[in-house]
Structures are given as C-alpha cells and as structure tokens.
Amino acid sequence: ETGVTQSPTHLIKTRGQQVTLRCSSQSGHNTVSWYQQALGQGPQFIFQYYREEENGRGNFPPRFSGLQFPNYSSELNVNALELDDSALYLCASSRPLGGSLYGYTFGSGTRLTVV
Amino acid sequence: SQQGEEDPQALSIQEGENATMNCSYKTSINNLQWYRQNSGRGLVHLILIRSNEREKHSGRLRVTLDTSKKSSSLLITASRAADTASYFCATGLISDTDKLIFGTGTRLQVFP
Numbered sequence: 092e093t094g095v096t097q098s099p100t101h102l103i104k105t106r107g108q109q110v111t112l113r114c115s116s117q118s119g120h121n122t123v124s125w126y127q128q129a130l131g132q133g134p135q136f137i138f139q140y141y142r143e144e145e146n147g148r149g150n151f152p153p154r155f156s157g158l159q160f161p162n163y164s165s166e167l168n169v170n171a172l173e174l175d176d177s178a179l180y181l182c183a184s185s186r187p188l189g190g191s192l193y194g195y196t197f198g199s200g201t202r203l204t205v206v
Numbered sequence: 865s866q867q868g869e870e871d872p873q874a875l876s877i878q879e880g881e882n883a884t885m886n887c888s889y890k891t892s893i894n895n896l897q898w899y900r901q902n903s904g905r906g907l908v909h910l911i912l913i914r915s916n917e918r919e920k921h922s923g924r925l926r927v928t929l930d931t932s933k934k935s936s937s938l939l940i941t942a943s944r945a946a947d948t949a950s951y952f953c954a955t956g957l958i959s960d961t962d963k964l965i966f967g968t969g970t971r972l973q974v975f976p
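Line by line, the protein sequences are chains Z and V. Be aware that the first sequence starts at 92, since it is given in our numbering, and climbs by one per residue. Be aware that the second sequence starts at 865, since it is given in our numbering, and climbs by one per residue.
Looking at chain Z on its own, in the form it has when it is part of the complex (with noise of 0.2 Å):
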C-alpha cells in the first residue's frame, strides 16, 4: 500500500508566477485535501476534491485552484504569486468520510518559496 506522494518537493518561484504542485492519494483513497502551513504555523485548510469535484473551501482567493483526476490524484495551481504564498504545501486523502472516522493521510509536502 503506497502512501500520499507529492511533487516537487522544493519550489522557487518568482512573484507573479504560476505554479503547479502534484499529489498522489493512497491507494483506495478517493477524496484530497490541500494545506497551507506557514512557517511556525499549524496547516491551514484551502480546499477538498471528492470525485473531480470541490468538495469544501477554506478562506483562500480564487487563485488558488485545484483539480482531482479519476485516478484520484490532484493538483493544486496558484497563479500570481505573491510572497506570503512561501509556504510548505501539504496533501492528505481519504476514503469518503473517512477522515473524519479515521483520519488523513498527509504527504511530505511541497515547501515554496516565492522571491
């Protein structure tokens, strides 16, 4: 059984730019979840895709935008970045509902950095 992978796992990207961050859900795992965590800072929910769907958002702006395909994996996309978006990125999956009967599985995360 494989766990959540992510890619890559550094990033610098200049402001202004597009970036695209990749995760693989665990097998059997059919709904991703996206992160933020800032430095010193514990996650910060920015989105859920449950069947290619979004499925819940936290309080990100629309730049911030994902996709889920069907073999469940995901990307997240930001577009214009800005320096506050330096962060470690974080992917976790679950099967339907499972995260809240057993938890989440995280990936090692992206960290970005935006000069």
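Calculated from the structure, these hints are not laboratory results. We put the CB at the ideal spot given by N, CA and C, even for glycine. Any given hint could turn out to be false.
One-sided and incomplete, this derived list gives chain V residues near chain Z with beta-carbon spacing under 8 Å [unchecked claim]: (1) 897; (2) 946; (3) 956.
Computed footprint of chain Z on chain V, listed as stretches where at least three residues anywhere in the stretch have a Cβ under 8 Å from a Cβ of chain Z [claimed, not checked]: (4) 902-908; (5) 962-975.
Simulated DEER-style distance windows between Cβ atoms [said to hold, decoys possible]: (6) 933/V to 188/Z: 26 to 36 Å; (7) 105/Z to 919/V: 46 to 56 Å; (8) 904/V to 111/Z: 15 to 25 Å; (9) 931/V to 168/Z: 34 to 44 Å; (10) 958/V to 161/Z: 23 to 33 Å; (11) 878/V to 188/Z: 37 to 47 Å; (12) 148/Z to 958/V: 13 to 23 Å; (13) 148/Z to 888/V: 19 to 29 Å; (14) 945/V to 111/Z: 30 to 40 Å; (15) 890/V to 103/Z: 16 to 26 Å; (16) 175/Z to 923/V: 33 to 43 Å; (17) 111/Z to 916/V: 38 to 48 Å; (18) 156/Z to 945/V: 26 to 36 Å; (19) 160/Z to 920/V: 34 to 44 Å.
Since chain Z is already given, all that's left is putting chain V on it; use the hints.
Then chain V, alone, in the frame of chain Z:
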C-alpha cells in the same frame, strides 16, 4: 484562521518522562485528531477521538476530550528521543466534517 490553541508552545523533557500537551478550541466539533510533524515534513496521524468519547488510548498515547470545556489533552508516556517533533491538534467541525482546523502546535524536545 486557527481554531485551536495549544499549550505549551514548547516542552523539553528527559527520556522516560511523560509529556502532556493541551489543546483548546472554539466551536462545536464532530471529532478531534492529533498529528505529529517531524522537522517541517508531512503530518502523521496519531489518534482520533469522537465528540461522544471522553478518553482514548493507543500504545503510549492517551487522549482525553472535554467538550464542555472545549479542550483536549495528549499524554505521551515514557517519552523517547524519537518522540521529538511538533504535535498538532485538529478539529473536524459538526458543520463541515471533512475540513480539519489545526491548532498552533506544541514543539516537544526529548533529551536522551
């Protein structure tokens, strides 16, 4: 926004001692979960307690939940150097059970 506040922010103990971390939250919850994070890497799920449960055990971990006080505690018994990490509580809300709201975390340092 952060739902939970954790206390203490940092904790240093010797191997073999017990470590207790506390978490307070603001709104009604469906469940509360604890996660560990090593050196800014991914989170590892430790334990989940539902709102109708008061105590739960898993190996050296003991979690309590007091919904009247909107608080939870995580006890790690007989700590090991490998327990050194940041620990986060996260709540699943009644209104939105699939979204976790994390606390600010406790940094635990266990000295050999």
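To see whether the hints hold, each was checked on the structure:
Interface hint status for residue 897/V: upheld, as the beta-carbon distance to the closest one in chain Z is roughly 5 Å, under 8 Å. For residue 946/V, the interface hint is violated, the least distance from its beta-carbon to any beta-carbon of chain Z being 18 Å, above 8 Å. The interface hint given for residue 956/V holds, since its Cβ lies 5 Å from the closest Cβ of chain Z, which is under the 8 Å cut-off. Check result for the region 902-908 of chain V against chain Z: holds, 5 residues qualifying (beta carbon to beta carbon below 8 Å, three or more required).
Beta-carbon proximity to chain Z at under 8 Å applies to 8 residues in the region 962-975 of chain V; the threshold of 3 is reached and the given coverage holds. Restraint check, residue 933/V to residue 188/Z: a C-beta distance of roughly 27 Å satisfies the suggested window 26 to 36 Å. For residue 105/Z and residue 919/V, the Cβ-Cβ distance of about 51 Å falls inside the hinted range of 46 to 56 Å, so the restraint holds. About 22 Å separates the C-beta atoms of residue 904/V and residue 111/Z, a value consistent with the hinted range of 15 to 25 Å.
For residue 931/V and residue 168/Z, the hinted distance range of 34 to 44 Å is satisfied, since their beta carbons lie about 38 Å from each other. Against the hinted window of 23 to 33 Å, the Cβ-Cβ separation of residue 958/V and residue 161/Z comes to about 32 Å, which satisfies the hint. Roughly 41 Å separates the CB atoms of residue 878/V and residue 188/Z, a value that falls within the hinted 37 to 47 Å. A beta carbon spacing of about 18 Å between residue 148/Z and residue 958/V agrees with the range 13 to 23 Å that was offered as a hint.
Separation of residue 148/Z from residue 888/V is about 26 Å and conforms to the stated range, judged on CB atoms against 19 to 29 Å. About 38 Å separates the C-beta atoms of residue 945/V and residue 111/Z, a value consistent with the hinted range of 30 to 40 Å. Checked against the given bound of 16 to 26 Å, the beta carbons of residue 890/V and residue 103/Z, roughly 36 Å apart, lie outside it. Here the CB-CB span from residue 175/Z to residue 923/V is close to 39 Å, well matched to the stated 33 to 43 Å.
Look at residue 111/Z against residue 916/V: about 41 Å separates their beta carbons, and that is inside 38 to 48 Å. For the hinted restraint 26 to 36 Å between residue 156/Z and residue 945/V, the CB-CB distance of approximately 42 Å leaves it violated. Evaluation of the 34 to 44 Å hint for residue 160/Z and residue 920/V yields a pass: the beta carbon distance comes to about 36 Å.
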